[in-house]
Every structure is written in C-alpha cells, then in structure tokens.
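There are 2 protein chains.
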Amino acid sequence: MKKCDLLLKNCREVVTPLYDTARGAEAGLFNCTSNTDISITDGFIDEIGENLSREAAEEMDASSYVALPGLIDSHTHLVYGGSREEEFILRLKGASYEEIAAAGGGIKNSVHHTRSLTEDELFELALPRMEELLAYGTTTVEIKSGYGLDTENELKMLRVIRRLRKAFPDTIVATFMGPHEIPPGETEKSYMDKVCQEMLPRVRAEELAEFADIFVEKGVFSPESGKRYFKEAQKLGFRLKIHADELHPLGGAELAARFKAVSADHLMQISHQGIQALAESDTVATLLPGTSFFLMMKDYAPARSLISAGAMVALASDYNPGSNHGFNMQFVMNLAAMKLKMTPGEIINAVTVNAAHALSLSDRGRIAPGKRADLILLDIPNYKYLFYNYGINNVAKVIKSGMVIIENTRRISHMPQL
Amino acid sequence: MKKCDLLLKNCREVVTPLYDTARGAEAGLFNCTSNTDISITDGFIDEIGENLSREAAEEMDASSYVALPGLIDSHTHLVYGGSREEEFILRLKGASYEEIAAAGGGIKNSVHHTRSLTEDELFELALPRMEELLAYGTTTVEIKSGYGLDTENELKMLRVIRRLRKAFPDTIVATFMGPHEIPPGETEKSYMDKVCQEMLPRVRAEELAEFADIFVEKGVFSPESGKRYFKEAQKLGFRLKIHADELHPLGGAELAARFKAVSADHLMQISHQGIQALAESDTVATLLPGTSFFLMMKDYAPARSLISAGAMVALASDYNPGSNHGFNMQFVMNLAAMKLKMTPGEIINAVTVNAAHALSLSDRGRIAPGKRADLILLDIPNYKYLFYNYGINNVAKVIKSGMVIIENTRRISHMPQL
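First to last, the protein sequences are chains A and B. Under the working numbering, the residues of the first sequence are numbered -4 to 413, in order. Under the working numbering, the residues of the second sequence are numbered -4 to 413, in order.
No false leads were slipped in.
Given that identical chains are not distinguished, each listed pair holds provided it fits within a single copy or across any two copies.
In silico SDA-like pairs for lysine to any residue, Cα to Cα no more than 25 Å straight-line:
no., residue 1, residue 2
1, Lys379, Leu120
2, Lys88, Tyr380
3, Lys222, Gly180
4, Lys379, Glu93
5, Lys88, Lys336
6, Lys226, Gln192
7, Lys293, Lys334
8, Lys334, Gln271
9, Lys230, Leu356
10, Lys336, Met291
11, Lys(-2), Ala52
12, Lys161, Arg405
13, Lys293, Leu242
14, Lys334, Gly100
15, Lys4, Pro123
16, Lys88, Phe382
Calculated directly from the structure, the hints in this document are not laboratory data.
Please work from the sequences and hints to get the whole structure.
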C-alpha cells in the first residue's frame, strides 16, 4: 500500500471541473461526488475515490466539508500605496470622475502614494492583503504593476511582487502593466516610447514578469498603441493581456485575439465582432463583475453571449484601491450568478481551469490525479450553498500544495448574564 | 480612582450616534473621536474619553481597532427548518414564482420543514446561525415566528426563540408572526380567526413574544385583516410590526402609523402618503436592501425620500431561508450606501439607535455612559473603510454586555516550497 502525505477522508462533496479548459458544450460541465477521499503526495493529488485504502502520514476527517479547487484570481492590482476610501465615499455622493480627480482621487492618487513608498513598505502593505485573500480561498493570484508609471517605480513594484512570490511559493503570477495610464508630463507617444524602449527590456532582463498588460481605452491608450506594445512585448517573449472594451468598444477583444493574447479582461462594452473574435480564439474572456458592482454601473459584461458564442470565460476580482476594493472571489462567484446569469457549473470552471488557462498554468484548477493539491474546504452542506450563503466567507480550511496553510477559526466565549 | 471591569485603551476611532433616535436634521449626525478609551463596569459603559485614569480588572490595547456599537438587526426569520438553495438556483435560471412553487419551493417549503422538526432540532439548527451572526457583528437580533402557521407550530417556534434567548442573554427579541402566510386548508378569514382567537392569547399567556407582526400584501393578508390583527394584538399588549408595501402599495405604512406600530418593514412600494404618514409618526421605517439584492429586484426602498420627509430609518437583514439567505449586516450597510444612497452617518444610525428604537430598546445603540457595553471592534484604519472593504467580515472582536464573546482569528502556517 503506497503511503501518502495527507488523506482527506469522506469529503461531503468533491466538486471539480472535468477538463483543463471549459468552453462550448463543456462550458458548464463539472463533476460532483459525495463521500469522496482525496490522497495527496509531494504537494500533488495522486488519487481520488471512495474508501481509498491508503496509509497516510496525516489523515483528516473531511466529512463536514465540500472540497473545491483553490480559487484562481487571474486579475488583481494588489500591490499599491495609499487607499481610496475617501474617493469611494465621494462617489457614493454622486461625485463625477472630474470631481473625484479634483479632490485628489483616481489612479493618480495610487500612483502618487505608490511612488512615495519604498519596496519594503509596499511589501509590508501587501502581506496582510495576501493573507486575507488566501483566507477567503484564493490559492493563485495574478498581480500587476501599473502604479509606478516610470521605469524605476514600475521595476520597484515588480520587485515587490517578486518578494511576494518568494513568501507565497507557487501562488503568484506577475504581470507588467506599465501602460496602465499616461503619467503627468508625458504624451501617449512619449510614454509608450519609454515603455517599449526602456521598461519592457528591463523587465525581461530581470525576469520580473511573464505577462504584459495594457489599458486600451478612450483617453488612455489607443488600439494603435496597443498594437505597438503587443508587438514589442511579444518580440521579447512576454505573453499578452489587455484591459479591453471596458468603457467603450474600441476593438480591444479583436486585438487580443489577433495577437493570441492569453486573456482580454473587463469587456463590458465588447462588440459583436469582439465576441466572435474571442470565440474563435484561445484568448480567455476574463470578466470582473465586482468592478461593475463597486462602481455602481448598470453594465455587466455579456457573459451569456460570450459563452453561447463559444468563448472561454474566466472570472476575476480586479482587486485594486480605486475601482474595486474587493478580493472575495466567493462574492465574485455570487455576482456572476446573479448579475452575469452564469450557471454554477460555468462559474466553477471560470474561477478554476479557465482562470488557470488565462495565466498559462496547467498544473492546477482541477481536483484530479497529477494536479497540484490546491484545495479549499468549505463549511457548507453542498456546493449550491456557496451561491446561496453570500457576502461572507464559507471557507474553513485552505490547502496549498498539499499543506493546510489557513484555518479560519473563531473563539467563542459564554455569554454573560447580567 | 474608581475601578472598572474592562478598559479599552486608545481605540483608533470610536464611532457612535449622538442621540437615542436619529431623524430629520439629526438623521446623518454621528460622532467620531480618535485615540479614545472606553471603560466598562457591570456590563455597561461608564466613561469615555482620552487617557482615562481608571484602574481596570482587564485592559485591552484597542489602538488597531475602530469601535462601533454592536449592530442591531431588527428583522430576521432565523428559526426555520430546511434550506432553499435549490430554489435560489432555480430563480437564477429565471424560474417564475409559480415554477418555484410547483417545484416545492416558496414559504410553504419552510413551513413544511419547520413543522416536521422538533423544538430540539430547530434549536440545534439555530445555534450555529446565531454564532455566525454574532461573529459578523450583530449583538442584538429580532427573530420572528411564522413558519408554523398553526397554533402548535407557532408556539413551538416561539419556544425555540425563548431557548435561544436564554442561551444568548439580552441578545434576542421575539416577534409572533402567525399571519406570515395563509396555510393550506384555510381561508384568510378562517386563519385570521385562529390567529386572533387562539394564537395571540396563547402567545400572550406564555409570554413568548413582545411584538406581533403581519404580512399585508396582495394574495396574503388584506389591510382589513391587518386592522383586525392590530386591534386584537394591541388589546393584548403586543407592540406592533408590519411587513408593508413590499410588492404593492396597499397602505401598509399608513396603517402602521395609525396604529402606532414600532416599525413598518420592507416599503419598496411605499406611496407618497405612506412616506408622509411615517414621517409624522414614531414608527420606524425599516429597510431591507439585502432582500432586493438577493431577489435580484430593480426596486430598492426609497430611503432618500423617507429620510428627507423626516421618517426614522433603520436597516435590517431580513435573514430567512427564501428571500434573503444573508445575515451579514456589514454587507447590508454597504448596500444601503450603494443602492439606497444613504450617507455613512445615516447608515450608522440606522443599524444602531434607530434599529434599537424599532425593538423598543433604549439601553443600547450608542457608545455612551449608561448604555449597555455591546461593541464591535473592527480591524480597519477608519470607519469609512467599512463601506470600502466590502463583502467580507471586518469585525475582529465582539463585546456583549462588557465581555469579549467572539474573537475572529485565523491560523496561518508557512507556505510549502515544492
């Protein structure tokens, strides 16, 4: 009898995607089995089934838990200085974009504070955010630069991400996003020159990021700048991502498909042609409903049209200090059900395998032999409850690479009788 | 130097309503002081200020916490049998009310399961719900009957609530809500006869509830039944509550004002006359935005009109198995900001003093000398953050009647390096 490191006995349910990507006829398919054991060796899943006969270094009674693959958040801006709760309160009062900017808000606020902090300070700010996000069930997270907006500060942000990668092994994916905004004192052209001539080569030389992202939007970067950036980044070996068709349909999705980008993100205003382009490509349509919610927008991305057309859909948080200060992927799943009208199966695929695909990761996203043992154990009676029991944390334990790294607990004392 | 039981030293912020009720010019007023101590004796607050010179049996460094009064949830249906996640999944697919009923959903589902369980079983189901709700910062909660719909089962539910009151002293307020729905086999008239002739007197005789509530709505109870019920209940000494103007403007708010009900709840379809009636009364307008959110309705209650007119506004969760399986009052506060356009001050008053008023409680809801020491300590840099950092639990510690009863903690292990 082969010995394993950790044996989860009798999971109430094991819920997992069936395939390494889910689209078309498979978009909503998943597997759910009851009373299932999971055996883990050397950080990877090696066997799944009923009543496994395995000797185990450690055995856990999982009969009160529903097991899901660890959630994969493929789009965040988790490293930043400052916070923007003042701006959020102003927005609640109905302040316009211009009024918020005049009050010192907007992305320029985050750029100012991020520039003013040292690498050490930014790292210390990011650590508790990482821990909290793990505690809410995210076991893989992408983090972008993009609040530096000059060579020195973009590299500083990416070095912070590199330190986080060391602190949280196999958990973080780094994306360079110099072209997040045009900084003061630059034109689109002059800044894009710096991005392409200085930043991209430096990031590559120091191996600070695998992905390169750009915000193509009216008043930010044009599709032409997008093309130039994609060409330069691709030449240097970066994989591509894009903030596309968020506020205006500028053809960002089509551009992503043409350049074989790994993902096109946001897509609230994607055109019919854009949907077709993604459907015919391997570019993942990454939807960020938390941002629509936080910005109190009427528009959510057209998830149903994307799925019907055959596009691969992922869900992510867009966690950032301005347009969505929310990292709870369970709530993102709830919004996907309620606002995007995605089915539970489509959502489960979108926060696991399809999100992994958007990060070019094939070692995770499913509970299957050979996959990395990134698992979350939910304290709920069945997987449907995850959508029903909302706005809270349903995660009891988080397993990363086969090890229980988080246990959400609570000390309760007897109530006083006065 | 007078000795106290517990001294909270240097709260980062102490945030509290100024008055025992907040309406009109005071609707949005509150107080926020930094570096403030709170001293507690015999379960009540006895002094608040900077650098209090007090000897203390126990002292806590509260410098990393924002202190708020414990949240008061004045409208829940927390005791029930069964759960209705299947129905929620059906609703996500666009199923109509009729389709859900045909599939065994709706309130009749909860009635069926609640009737089939014993008092012990219902109590065991309710206990973890209570603990979770406390852990999310609710230190006072109203619970209604209303899934029994016959004398025996309504009394059973109220006895469960009585046992919960003993387990959680000074935490729970009981409301009789026999007229929640017309049970199968009864007409409105025949059931209302039973409610008035059997149930109300029995509930009174056994002192099982202080409040009496009714659902006045098309297809449920008419305003005429409401009048009859209010008269009978008032005669027996109950204070009155009403589920009013939720789906149709039937004049429930006006009825509440006329009978001096303590609260009129829901109010999504309240008329202009209804708003005026509440504004001129002491009846609290209790808004339940979580229900609009969970039911994916476009309509939220007209909070701004109610506040402008001078009505007293409270917020509650409506936690129940069908129309809102959500108990997180922090998220209710967020929805109040985003969907009801209430200001932070109005929201703080609405979940504390005005909610206390809706439960006829004058001993709590403010951080002030003489008030019960029900406090929540939030792990955030300032109170604005509570609205910004959403969809999660910001509560670190819960203090009930002067004692720390909940500490939300987390065990974190080092990450494995494969």
